[in-house]
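Could you put together the complete structure from these sequences and hints?
Sequences listed follow chains A and B, in order. Here the first sequence is numbered in the numbering used here, starting from 1443 and rising by one per residue. Here the second sequence is numbered in the numbering used here, starting from 1443 and rising by one per residue.
Hints were generated in silico from the structure; no laboratory data involved. Here the structure is a predicted model, which is why all the values come from computation and not from measurement. Certain hints may be false.
A pair counts as met if it fits within one copy or between any two copies, since identical chains are not told apart.
Result set (SDA-like, lysine to any residue): computed pairs, CA atoms no more than 25 Å apart in a straight line [claimed, not checked]:
{"no.": "1", "residue 1": "K1609", "residue 2": "E1663"}
{"no.": "2", "residue 1": "K1700", "residue 2": "G1578"}
{"no.": "3", "residue 1": "K1700", "residue 2": "E1717"}
{"no.": "4", "residue 1": "K1700", "residue 2": "M1722"}
{"no.": "5", "residue 1": "K1617", "residue 2": "D1769"}
{"no.": "6", "residue 1": "K1632", "residue 2": "G1548"}
{"no.": "7", "residue 1": "K1699", "residue 2": "N1577"}
{"no.": "8", "residue 1": "K1712", "residue 2": "G1696"}
{"no.": "9", "residue 1": "K1695", "residue 2": "G1578"}
{"no.": "10", "residue 1": "K1699", "residue 2": "E1717"}
{"no.": "11", "residue 1": "K1700", "residue 2": "G1664"}
{"no.": "12", "residue 1": "K1632", "residue 2": "S1552"}
{"no.": "13", "residue 1": "K1629", "residue 2": "D1453"}
{"no.": "14", "residue 1": "K1699", "residue 2": "D1713"}
{"no.": "15", "residue 1": "K1695", "residue 2": "A1665"}
{"no.": "16", "residue 1": "K1688", "residue 2": "G1714"}
{"no.": "17", "residue 1": "K1635", "residue 2": "D1512"}
{"no.": "18", "residue 1": "K1695", "residue 2": "F1718"}
{"no.": "19", "residue 1": "K1629", "residue 2": "P1514"}
Letter by letter, the chains look like this.
Protein chains: 2
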Amino acid sequence: MKVIVDAMGGDNAPKSNVQGALNAVKEYGVDVALVGDGEAILECLKSLVVDNLPKGLEVVHASEAVTMEDDPATAFRHKKDSSLTVGLNLLNDGVGDAFVSAGSTGALLSAATLMTKRVKGIRRAALAPVVPTGNGGAVLIDCGANAECTPEYLLQFAFMGSYYARKVLGRNEPKVGLLNIGTEPTKGTKLQKETYLLLQEANDAGRLHFAGNVEAREAVEGAVDVIVADGYSGNIFLKTVEGAGKFLGRQMKGMFKKNLLTKLAAVLVKDGIREFKALMDADAVGGTALMGISKPVIKAHGSSNATAIQNAIRQGFTLAQSGLIDDITANVGYMCLEREKMLDESGEKL
Amino acid sequence: MKVIVDAMGGDNAPKSNVQGALNAVKEYGVDVALVGDGEAILECLKSLVVDNLPKGLEVVHASEAVTMEDDPATAFRHKKDSSLTVGLNLLNDGVGDAFVSAGSTGALLSAATLMTKRVKGIRRAALAPVVPTGNGGAVLIDCGANAECTPEYLLQFAFMGSYYARKVLGRNEPKVGLLNIGTEPTKGTKLQKETYLLLQEANDAGRLHFAGNVEAREAVEGAVDVIVADGYSGNIFLKTVEGAGKFLGRQMKGMFKKNLLTKLAAVLVKDGIREFKALMDADAVGGTALMGISKPVIKAHGSSNATAIQNAIRQGFTLAQSGLIDDITANVGYMCLEREKMLDESGEKL
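Below, the structure written as C-alpha cells:
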C-alpha cells in the first residue's frame, strides 16, 4: 500500500507534510511518495535530523506548486510539473493507491475530476468529512464542492455516504438523514422535497437505510450516521459546528482562567479538557474524502500540521483498502435517474 | 404600554404563560392582557396563590385554542375565538402594543401576515432571533419562515435586521453579513451572488453597512451584527448552533461528573458553568421577532417556561418602544426593486 502525498500543498508545507509522511511510514508501515520540490523536501528531512531516506519513503521531484493565486479550474493544466499534477498522474498510473493534498480544495477537485475522473455514472464529486457528533461522528456529504445540486446528486451522495459510513467508519446499516428544516416530507425547498421521495424509494427497495429528514440540531446530537446535504447547506452546517466548537472552547478556557481556584479546577479535569478539545480537533480527523472520484483522493485541510497530514495518509490507505470505490462502481445503476441515464447513454452533455 | 399574551400557546401553557405574565407585570411595570380560557387562567393564578388579579394584569376570555393538529395556514380563520385570533384582533384594534405567542410558528406567521398584515412593500415576514455569538449575539434573519427566497427578500431582511440590531440591540452602525460558503462575491448559489450586488449597492448608497459574505464559522465567532440568510440556510445555522451547544454542554457535564476530584472542580468553577449554560439558554433570549409585520409580534419558543415568556414580553414592549417598525415603513422604498415596485403599484399579485 503506497500513499502519494502532495508535499507542497497547505499553509505549513513542505515541513508538516514531510514530518507527517515520516510519522505515517513509521507508525503505519505504509509506503509514502512525497511529491514536490526535491531540494526543499530533503532540506526538511535534514532539519528533522533524518540523513537518509527511511525505508518506505520516496521523493518524486516536481518543479512547480499550485498556489492560491492560480485559477483552481485550470491550475493542474497550466502547471503540468506541479506537485498536484505529478501526484495525480502517479495515482492514475497505479504507482500509488491514494493521493493526499492539503492544497487548494478547488484545484484538487478540478484536477481529480478531470485527470482521475469520476466513477462512470456519478454526476459530481462531493466532499465528505466526518463531523464530530454525539454518536461519535457522522459523514457529511456534500460540504461545499457543489453549491447547487439536483435531487439526483443528493441521491448519489446518500449512497456514497452510506457506503463510507459502513466501510470506513464500520457502522452497520448506517442511518442516512436528509438535512432539513423539519422532519415532515413536505419541509424544505423543492430540492429536499424531491430528494426525500428518491431516498424513500431507495429505502423501500432495501438499498440504503433512509431515516427521513434530520434537523441540524438532531444531526449534531448524533441522530444519523450520514448527513446528506447540498454543498451550500452542508458547508453552513460544517462551519457552524466548527465555529460553535471554537467559540465554546474559548468560553471554557476563560472560565478556567479567572483565578487561582479555577486554575486548580482546570488541573483536576485536565483529562476531560483534553477530550473536549480532541472532539473539535480538525487535525485528529485528518482529511476529507473526495467521494465519487474513481480512485482514493483525500483533501487534508489547509492549515494541516504533521498530525493532520499523518491522519490524512491513514485515511487514504484505509479508503483504498476498504473496497468502497468498487461498491460505488458496482451499484451506480441504482443511483442514476432513468431520464438522466438515457441522456448519458445518448452521449448528451449532463 | 400593554403586551397581549396568548395564554394557550406553547408546551407549558397556560401555567408558564400566566406565571411569566405575572413576573413581567411585577418586574417591568408593564401591563399584560392574558388571552385564553378564562377559567383555566384563573385556576393557574389560584395555584400560584394569587387570589385577585394584580394591577396591570387583565384576562380576556377566548374559548378556543390553536393546536399543532390545526392547519397552520387557516387555523386563525377556522378558530375565530382562539386565543391567537382574539389576541391579534386586540393588537389590530390598538388595545395592546405588542403580541406574544408560544404557539405554532406557522399558525402565528399566517395569522399575523393575513390579519395584522405586513408593512406595505415588505414581501415576506421573517423570523429574526438573536443567536449567541462571540460578539454578544447577532440578529439572524430569516431562520425558517421562508425556505425559498428571492434576492429582494434578502435585501429586505438585511435592512430590517440592521434596524433591529441598532434599535433593539443598541449596536451602532451594525455590520451586516450575507451567510455564505466563502467571502468572495462569486461564492454561493445564484441567490447569494445576486443578493451580494444588491447589498453592495445599499452599502455604497450609505443605507446600511454591508460587511460582505460571512462564513458560518466567523458568524458564530461574532464577525457581524446581522446574519442575512434564506430561511432554509438560516434554520440550518440556528439549529446547528443550538445542537452544538447542547452536545458540548453535555460533554462538559460528563467531564465534571467523573469522580470526586472532578466534582470538586465543578464547584470551583460553578459561576463559569452558569455563564456557559446561560450563553446557550434559549429561555434567556425570550422570543423571535416576526420582522416585516406592521405591528410588534413575538414568537416565544414552544417549550417556553415562565422565564422565557417573561423575556418574550420584555422583547415585545422593547420592540414597540423602539420605533423600529416606523423605520422600516419610512425606508421601505429603498428595499424594493424597481420591477417589483411597479408590479406592486399596478396591483398585480406578487
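Structure-based check of each hint:
no.	hint	verdict
1	K1609 <-> E1663	within (22 Å within a copy, 35 Å between copies)
2	K1700 <-> G1578	between (32 Å within a copy, 19 Å between copies)
3	K1700 <-> E1717	both (21 Å within a copy, 13 Å between copies)
4	K1700 <-> M1722	both (23 Å within a copy, 20 Å between copies)
5	K1617 <-> D1769	within (18 Å within a copy, 48 Å between copies)
6	K1632 <-> G1548	between (27 Å within a copy, 19 Å between copies)
7	K1699 <-> N1577	between (30 Å within a copy, 20 Å between copies)
8	K1712 <-> G1696	both (15 Å within a copy, 13 Å between copies)
9	K1695 <-> G1578	both (23 Å within a copy, 17 Å between copies)
10	K1699 <-> E1717	both (18 Å within a copy, 14 Å between copies)
11	K1700 <-> G1664	between (33 Å within a copy, 22 Å between copies)
12	K1632 <-> S1552	between (28 Å within a copy, 21 Å between copies)
13	K1629 <-> D1453	between (41 Å within a copy, 22 Å between copies)
14	K1699 <-> D1713	both (17 Å within a copy, 12 Å between copies)
15	K1695 <-> A1665	between (29 Å within a copy, 20 Å between copies)
16	K1688 <-> G1714	both (16 Å within a copy, 17 Å between copies)
17	K1635 <-> D1512	between (38 Å within a copy, 22 Å between copies)
18	K1695 <-> F1718	both (11 Å within a copy, 11 Å between copies)
19	K1629 <-> P1514	between (35 Å within a copy, 14 Å between copies)
In terms of the numbered hints stated before, the structure departs from none.
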